[in-house]
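Chains as they are written, first to last, in the working numbering: chain A, 68 to 605; chain B, 3 to 317; chain C, 17 to 639; chain D, -18 to 260.
Treat the hints as calculated values from the structure; they're not laboratory data. One or more of the hints may lead you astray.
Stated by the list, open to error - Residues on chain A that point at chain D, a partial pick, calculated with CB under 7 Å:
#1 326
#2 346
#3 347
#4 350
#5 400
#6 467
#7 468
#8 483
These numbers were taken from a predicted model, which means no experiment stands behind them. By construction, the Cβ of each residue, glycine as well, lies at the ideal position given by its N, Cα and C atoms.
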Amino acid sequence: MTTKRYPAILPEFSDTALIETALRRGASRRQLIRWLSSAGMATAMASTIVASASRALAQTPQRGGRIRVASQTSSTADTVDPAKQNNQTDYTRCFTFYNGLTRLDQSLTPQPELAESFANERATVWTFKIRQGVKFHDGSPLTAVDVVYSLARHKDPKTGSAARALALPMEEITATGTHEVRIALASPNADLPVVLGTPHFLIIKDGTTDFSKAVGTGPYRCQEFMPGVKSIAVRNPDYWKSGRPYLDEIELIGIPDETARLNALLSGDVHVAASISPRLARRVQTASGYAVFETKAGGYNDVVMRKDADPSRNPDLVLALKHLQDREQMRSAVFQGYAVVANDQPIDPTNRFFFPGLAQRPFDPEKARFHLQRSGFANTPIPIHTMASSTMLDQAVLLQQAGQGIGMNIDVKRMPADGYWSNVWMKFPLTFGSINPRPSADVLFTLFFKSDSNWNESAWRSERFDQLLVTARAETDDARRRQMYGEMQTLVHNECGIGIPVFFSILDAHTTKLKGLRAIPTGGLMGYSYSENVWLES
Amino acid sequence: MLMLGMILRRVCGGLLTLLVVSVVVFVGASILPGDATEAILGQSASPEAVAGLRQALGLDLPAPERYLRWLAGLLTGDPGISLINRMPIGQLIGPRLTNSLFLAALTAAVAVPLALLLGVTSAIWRGTAYDRVTNITAVSLVSVPEFLLATIGVILFAVQLRWASAMATPVVDSLGGALRTLALPVLTLSFGIMAQMVRMTRAALLGVLDSSYIEMARLKGVRPARLVLRHALPNAAGPIANAVALNLSSLLGGVIIVEVIFSYPGLAKLAVDAVETRDMPLVQACAMIFCAAFMILVLAADLCSILSNPRLRVR
Amino acid sequence: MTPLVEVSGLRVTATNDRGAETDIVRDIGFTVARGEVLALIGESGSGKTTIALSLLGYARRGCRIADGGIRVGGADVRALAPAELARLRGGQVAYVAQSAAAAFNPSQRLMDQVIEGVRMRGLMSRANAEAKARDLFRALALPEPDRIGARFPHQVSGGQLQRLMAAMALMTDPDLVVFDEPTTALDVTTQVEVLRAFREAVRERKTTAIYVSHDLAVVAQVADRIVVLRDGAIQEIGATAQILSGPADPYTQSLLAAHAPKPQPPAAPRDVAVAPLLEVRGLVAGYGATWQGRPAAPVLHDVDLEIRAGSALGVIGESGSGKSTLARVIAGLLPATSGMMRLDGERLAPALASRGREELRRIQIVFQAADTALNPAHSVERILSRPLAFYHGLSRSEQRRRVRRLLDLVRLPASLLDRLPTELSGGQKTRVNLARALAAEPALLLCDEVTASLDTVVGAAILDLLAELRSELGLALMFISHDLKTVRAVCDEVMVLYAGQVMERGTGQAVMQAPQHPYADLLAASVPELRPGWLDSIDETRLAEARSRFSFPGSPDLCAFISRCAARAPGLCDAAPPPIRRFAKGSDIRCHRTEQELVALQSKHGSVSAAILPLKRVVKRAL
Amino acid sequence: MSAAAPITAPRRRIPAAVQIGIALVLFWATLAAFGPYLAPYSAGYVVNAGPFAPMSTAYPLGTDYLGRDMLSRILHGARYTVGVALLATVLACLAGTTLGLLAAVRRGWIDALISRAADALISIPHLMFALVVVAAFGTSLPVLVLMAAVSYVPGSFRISRALALDINAMDFIQVARARGEGTAYILREEILPNMLFPVMTDLGLRFVFVVLLLSGLSFLGLGIQPPNADWGALVRENIVGIYEAAPAVVVPAVAIAILTIGITLLIDGLSGSNHEIVR
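Just chain A, with the same shape it has in the complex (with noise of 0.2 Å):
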């Protein structure tokens, strides 16, 4: 119905898109590379976009049908609040019911969404133009006074957000239209855009307290949803993207065990199985009418070594476990070739801001054991807690298992998933850490790496970094940004308690009917949104 009013700056026209577009009218794969590598995007990224969307291009989306989805979580702390979201189930459903002022692209670059266009003085003050014509599943249209409620509810604390330090910042948030929204910001921060694309963001009705059932703006229209049980999701036929979504119906529910996910998908039952471990992508590429759809990432499990605890503050310690741990194994073994290997830094090479000119540690027990005799701690049990039923636990395993060559006597302790997080992670000296992918290089360094920050992992204190970070953040020169990120990949590859030794692939496993699924790296099933890009083929 907009189609012919905003061609422009519908997403179709910007990234993957666009590539197909140019790809149409003839251009070559190598231009188009060279062309993507140039806006900023690091080489092996840019390949892989044109590749998907070569891909892609064969293909022609089809309408009508309907799939059921397995994701990894099920209880009753299911949500449809974007507020209280918890994990990857909320998010892959919350997409499908709502939609966010920006959406990151492949390269999580953010692109316009509910807000049709941005601009921001000095990233400190930004506006927001919302589209016109876009209305909620209930009928009412979407104005600012709903953009300002989904955005400032976050900083109320009996909201319970899940992104409330990320709202804070927001120091202002006012309606300057009936379809503008500006937002001040307390300090500088070129990436607003990229944050307001994350799934907390989402955007839902002015006033919502009653989230028994979604009414958003999304490619789909909540009929059902059972905490812990199920929901299922009809094709909204005034979506404003015209002609999405595909399918006329997703039924999502969760399968926490991964077999009888995987089981659950090759008797036909559902049609995805999200969240794949390695182990079983074997299987599935074994059976014929089956897929597995793999999203470099740039998530990470990652030894913790405290700085204000013994026996991780001391340094020698920290460098001989950097050296204990057998990259190519953990890949190989653990994570069965799904995984690249990393560098004891977050930043992952499909990241713009990934840092290729730091020279790789590589597994050295000669290395580890001359900075374990020197550390003191050889022979003596030295605990890491880990989680159960996890790779973080065969993580572990690997390194006790390497650690027992050089006299390093690892005492791994295994902690029941339940309560891991609040009562285990960080809390004591030695701990395995899992990152999911964020959306942006300063959203992980600020959560993960700042001094201040309730996550800095390792209680590591560097104020060249915390200064970097702040300069980085409000700078809007990418090749300067650039820069700066790569010094502070160097520090914490050489300075800080944390040990990451690969940055593992997102699977999921998907029936071949199943088309149109393009990786985005913030996650599993293009980064959560497959909903209104998927069809099925009859």
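Since the structure of chain A is provided, determine the placement of chains B, C and D on it from the hints.
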């Protein structure tokens, strides 16, 4: 008269036990580290955010007061609302309880007659190869971890043969549909609970078969089938009913593994979720239901013993 | 005419734990003519039940009919197919089990069980079957014949159950009825009426019967011919009169000898000056909560007794009379509600906990069922050592020595020391039970039915032992029994208990030879005698007394026997508590009737003591 | 009955089933005791054979999902399966029997209190209980053992109480009381020895349940600390291998089954198979 008094006494005792359970569960959950706010906020639980949310949820009140409020609510028929998703507990539990009862009833309908049949036949043919094979099979099946049994079942019948569904749904439109969706979970559960019932039926029946009145019945020319069904079984009903009750009582709360593997929306998973998210009103409500179910089953078993024993029924 | 039953060369074997087969009966051969009653008599283990069961083609678990021919009414029982065998059982051959209380299905109504046989076979409609059953109930003199069938087994008495079982057996008009010790578990008074009922029913129908029993006197009343069994083999077969008067086999002779009355132990002189060892006054005891000085379920009412050092007091009464409770109260296991007890003049506390160890030691109780009185987990040595250590604090070696002496004392070999109670025979268990009590070196031994579960011969030996111990150790005994013969053999004083009331108390001589209280008289008259025809000689009045059941008098102070008593005086007995009077022969009697009245009444029914004389003659001849 | 009293032999022959049971149980007990010393590799060592390797001469039971030698993991795990389960079972039966005796002999409010508490504990699903305990106290070995023990105390209590009530009514208890023996002596010397056998039978059944409880715990991700794992956990962590019927998932499952069958044969045989506790 005798029975009415007994029932009344038992119901009072049951209520007392419920109270004990609620206190124990409350205290037990109170000593757990973490609370619902941390479950809601996850990794973003800053002390300030936690404090704010705690106040909003009423978790800042002292524990005894929270307990008494909950108890008062329960007595007036209001089990409260979930801390996690603010839905009324009744609304959360209602459909899940129905589902659990449905699965439990189906399982009971399959397992109990089968167990009785196997128990009775192996008692009649005691010491024979049949007896031994039944016994060993029952024990072997119960000793295989449930998740393995369920997974093998799914891979064999759902993935390979496509006879059954890998997921169980409580919605049943036809017999064929019910077989497809529920056969695997029902069988898995049945294998788990049958062994003890089979063994108990056999043991109780053997005790009776050794008694003088069975010998007498034999000497009256009563044929084996009638001997077992009319003469022996009613007198063994007490202990058998007890074993059945004890095993069935686990079908509401103790089937977490089956619910997870077959993604069946039942009460056990709800209870485990509630514990993990420290959703106290929900934990309490589930505990009450499990306890009440246990009491009711045991009471039913005792009634069964009394009805089958005139010595207790009529003076 | 061919006999109905022909058994020849019968051998039944049992398989033991090691899988080896041993014979339990062998070379059994006899015939039973139509209308004849044949008795199988023998001690336990003689194989009499095994033989009886084989007539129904049945052998118990672990046993097998190995050899021989069994023909009933022309059918070869061993050759029958299972279905034919099922038709035979309860059809041509019916069985009346020893303990009707155990042999009736507790969860079914009596009528359903009685008519099951004919209904199963489709012989009669339900209405006809019930009508026939009611006729049989009447014929067997069951009370309320029209309604008794609606009851459950636990609602009727043992004697009635036994008759109901006979009715069940007779329902199909069988050719042969096998009675397996049908009266053994009953009280004497009940036994009389049941025996009478059986005999009438069998005679009227001219039923052929096999009557299994260990009791010659009972057999003498019912059987035409007797088969004497011992250790699985036949000792002697003969007509009843021949067996009783001229037994050829030494074993049969010894059986008869066991029936001979023992010489009366001399009554210890009543020396009033010496304080009795145990003195009990106004004892009231029972179960349940105490309310207004009375227990909720009173068992003993106002019991007085005295036991002098070295003397033996016999306490007799039917089951439920409170005999065992009396022993428990004296031992302190059940504290008396009121009343006074003195041991050697010293006041004895009612409850165990308040008694001193020395007091506990001086009174020892020997329980009725040696099976349950010995801890099955303890060896004989351990059982006997414990009192030695507990009361006397003996050293280990001293204990071992004393244990051996105790075994000597009760005539047991020292080889039994390591045995567990389950590995002992009934008689051995009773002796160990006795030895344990003797280990305490008590002054008073309370013996509760110690011989009740034993065979006649074994029981007689235990009685001999007790008599010896009394004279050797100077023990005082309280000997509780339902069996007058036993009491007569052991005791110099006797007390008759009925429903918790002492009815007659006096020297053994006085009470046993000339019981004057109507109840004591009934008891004495109910003891079967070896004389054939004894059963028929029993007076109808007494039979009525035997038949009627106990019912509570209006007040606990009234005479409890009132509902059964033939001599009751209306307006007196149901109005005032009976007085206790000392009669001329030396007994204390609780009755409203005077001595003269009672003597007059008894002579009308025929005195019991008169019947004892011919019996003595028979026994003398037997020896 | 006056005849057919079977002649009891002083010494009984041990039936074949019991012999098999004894052999199986002894075999596993030996593994539990010496397994770790027999294992070719340490429990966590990753051998060079890749995940889910089939049986071979080098790795007789194949490898697990991380490529560790299964034989070594089974041998190391024996101690945790047999040991933990046995310890927990024995503790449960000790506590249950003690409480049962106490309740049966004392009666009154003590009995009422313990019985109520037992009912309450029985009615809470084991895994839910385990979850709470583990959340509160972690998953150290003592916590696991205690938790499994506490879970099965009520069952043991119910049986012991019923047994003790029956035995307490026997005449030999009256004899001991009449002798003046104290409660402690009566419980210990007179009642307890007669309960041992049924309690042992019960212990065998409970042992099976504890093994299953531990494997259920590992389903929820709780249980023994790595690199060790009990057999249930071995099944669980290798369940993925079930698609290729990897020995890593089959072998531990069979091991559990054989262990429980062995124990069942043993106790069934000992109890003469018809003296089971009917309660």
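How the hints compare with the structure:
Annotation: interface hint on residue 326(A) holds; nearest CB of chain D at approximately 5 Å, less than 7 Å. Among the interface hints, the one on residue 346(A) holds; its C-beta lies about 5 Å from the nearest C-beta in chain D, closer than the 7 Å criterion. For residue 347(A), the suggested interface contact is upheld, since its CB lies about 6 Å from the closest CB of chain D, less than 7 Å. At about 5 Å, the closest approach between the beta carbon of residue 350(A) and any beta carbon in chain D falls short of 7 Å, and the interface hint on this residue holds.
Against a cut-off of 7 Å between C-beta atoms, the interface hint on residue 400(A) holds, since the closest Cβ of chain D lies about 5 Å away. At about 6 Å, the closest approach between the beta carbon of residue 467(A) and any beta carbon in chain D falls short of 7 Å, and the interface hint on this residue holds. Against a cut-off of 7 Å between C-beta atoms, the interface hint on residue 468(A) holds, since the closest Cβ of chain D lies about 5 Å away. About 5 Å separates the beta-carbon of residue 483(A) from the nearest beta-carbon of chain D, less than 7 Å, and the hint is met.
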